[in-house]
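Enquirer: The residues making up each chain are set out below.
2 protein chains.
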Amino acid sequence: MQNPNIINGVNVDDLTATMEAIQENPAIASFQFKARNQWVQGGLNQTTISDFYGACEERQHKNTFVLKADEPAVLLSTDEGANPVEYALTALASCVTTALVYHAAARGIRIECVESTLEGDLDIQGLLGMDENVRRGYEGVRMTFKMKGDMPQEEMMEVLKLGPTFSPVFDIFTNKVPVTVMMEHNGEPMTIMQA
Amino acid sequence: MQNPNIINGVNVDDLTATMEAIQENPAIASFQFKARNQWVQGGLNQTTISDFYGACEERQHKNTFVLKADEPAVLLSTDEGANPVEYALTALASCVTTALVYHAAARGIRIECVESTLEGDLDIQGLLGMDENVRRGYEGVRMTFKMKGDMPQEEMMEVLKLGPTFSPVFDIFTNKVPVTVMMEHNGEPMTIMQA
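These protein sequence lines are chains A and B, in that order.
Just so we're aligned: 162 in our numbering is position 162 of the first sequence, and the numbers increase by one with no gaps anywhere.
Just so we're aligned: 111 in our numbering is position 111 of the second sequence, and the numbers increase by one with no gaps anywhere.
Keep in mind the hints are simulated off the structure, nothing from the lab.
Keep in mind that the hints are not guaranteed to be accurate.
Since the list gives no way to pick out one identical chain from another, each pair is judged satisfied if it fits inside one copy or across any two copies.
The list that follows gives simulated cross-link-like pairs (lysine to any residue, SDA-like), each with its CA atoms no further than 25 Å apart [unchecked claim]:
| # | residue 1 | residue 2 |
| --- | --- | --- |
| 1 | K34 | D121 |
| 2 | K34 | V74 |
| 3 | K161 | G9 |
| 4 | K34 | R135 |
| 5 | K34 | N186 |
| 6 | K148 | M182 |
| 7 | K176 | L162 |
| 8 | K148 | I6 |
| 9 | K148 | Q46 |
| 10 | K148 | T180 |
| 11 | K34 | E139 |
| 12 | K62 | T48 |
| 13 | K34 | G187 |
Please build the complete structure, drawing on both the sequences and the hints.
Expert: Written out as structure tokens, the structure reads:
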């Protein structure tokens with residue numbers, strides 16, 4: 001038996017096998033991720049992540065993840081968790097990093113260290129509905145990476161580009177996602193908004 | 001002294017005072033949210049949320065929030081946390097709920113209960129770079145709400161619409177956000193991608 005080919009903590013043999021299996025049967029690539037949210041009070045609510053569908057079956061995470069969101073006192077709540085737009089930055093940071101690390105591994109490129117800091121500009125006149133010309137979401141986001149690896153600076157910049165290029169959440173931020181909002185009425189979902 | 005006017009856990013007097021202050025000085029409405037991410041290994045990384053800028057000053061959260069992201073075994077990692085696209089659903093669910101609760105409170109509408117379930121469709125051929133015609137991010141997201149409140153069904157549907165209408169993360173999903181990716185080189189940030 002050969003040792004598995006592990007780069008950046010990613011088993012590249014398994015990654016290659018996964019891609020080969022998808023090429024034979026693209027249905028393996030269809031995933032559905034899920035979340036349940038329950039409002040608690042004011043700006044405090046709780047999201048539970050426990051299961052998803054992927055590679056042709058329903059699957060359970062090893063643990064159930066419970067994520068509290070809240071707003072700080074200046075935004076009139078109890079500050080028991082990161083707020084929703086901070087969760088959005090968390091999604092973006094984690095996704096670009098994972099895409100970078102996996103795609104580097106697939107190319108045989110070893111990375112020693114990746115860190116990033118993110119800033120997002122939000123004018124709350126938008127979300128408060130005070131000014132129609134101010135958007136609700138981030139007006140702009142900046143991500144700054146520090147990376148270490150045994151390669152010249154120019155190559156490092158090319159490797160870093162793999163992150164945003166292949167990241168699903170970078171795509172969600174920078175392109176439009178169709179979202180349907182429904183309300184359950186007598187056990188049946190009724191569509192109330194599509195965007 | 002009058003009792004404060006609290007609806008849905010939101011102090012509506014403070015909300016009104018905040019909006020009046022912003023009308024006098026719109027600079028109060030400029031917020032900047034921040035996140036720091038550190039890669040650990042494979043699909044595991046950690047985001048730290050501790051401070052933000054808002055209402056004209058740098059502010060600290062009551063606690064520092066540390067959020068682990070990871071991928072499940074079928075996506076070749078150790079399943080120590082929700083994955084990045086599950087964090088994106090968390091951001092969306094929490095934001096629409098908070099926007100709904102606050103805007104209902106501002107209109108004097110009492111809500112008893114809000115729950116939602118979210119599903120997002122992701123074809124991983126996109127993020128793996130296997131098919132240029134498959135997008136990296138969600139192809140579509142469905143949010144289904146259950147609500148309780150002392151009002152007729154038609155009014156409940158109108159109240160629910162306040163959530164997506166005013167939610168920053170709903171805007172981030174359904175519209176484009178400009179994102180700049182930089183790499184630090186000799187202490188200076190160099191732009192490597194703008195989208």
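Enquirer: Each hint should be assessed against the structure and marked as holding or not.
Expert: Outcome of the hint check:
1. K34 <-> D121: Classified as between: cross-chain Cα gap 9 Å, same-chain 28 Å, threshold 25 Å.
2. K34 <-> V74: For K34 and V74, the Cα distance is within 25 Å only across copies (16 Å; inside one copy 31 Å).
3. K161 <-> G9: within (20 Å within a copy, 44 Å between copies)
4. K34 <-> R135: between (27 Å within a copy, 19 Å between copies)
5. K34 <-> N186: Within one copy only: 22 Å inside a chain, 42 Å across chains, cut-off 25 Å.
6. K148 <-> M182: between (46 Å within a copy, 15 Å between copies)
7. K176 <-> L162: Both: 21 Å inside a copy, 20 Å across copies.
8. K148 <-> I6: Classified as within: same-chain Cα gap 18 Å, cross-chain 51 Å, threshold 25 Å.
9. K148 <-> Q46: Answer is between; shortest inter-copy Cα gap is 17 Å, intra-copy 36 Å.
10. K148 <-> T180: So K148 and T180 pass the 25 Å test across copies only (20 Å; inside, 41 Å).
11. K34 <-> E139: between (27 Å within a copy, 14 Å between copies)
12. K62 <-> T48: Classified as both: same-chain Cα gap 13 Å, cross-chain 23 Å, threshold 25 Å.
13. K34 <-> G187: Within one copy only: 19 Å inside, 40 Å across.
Checked against the numbered hints given earlier, the structure satisfies every one of them.
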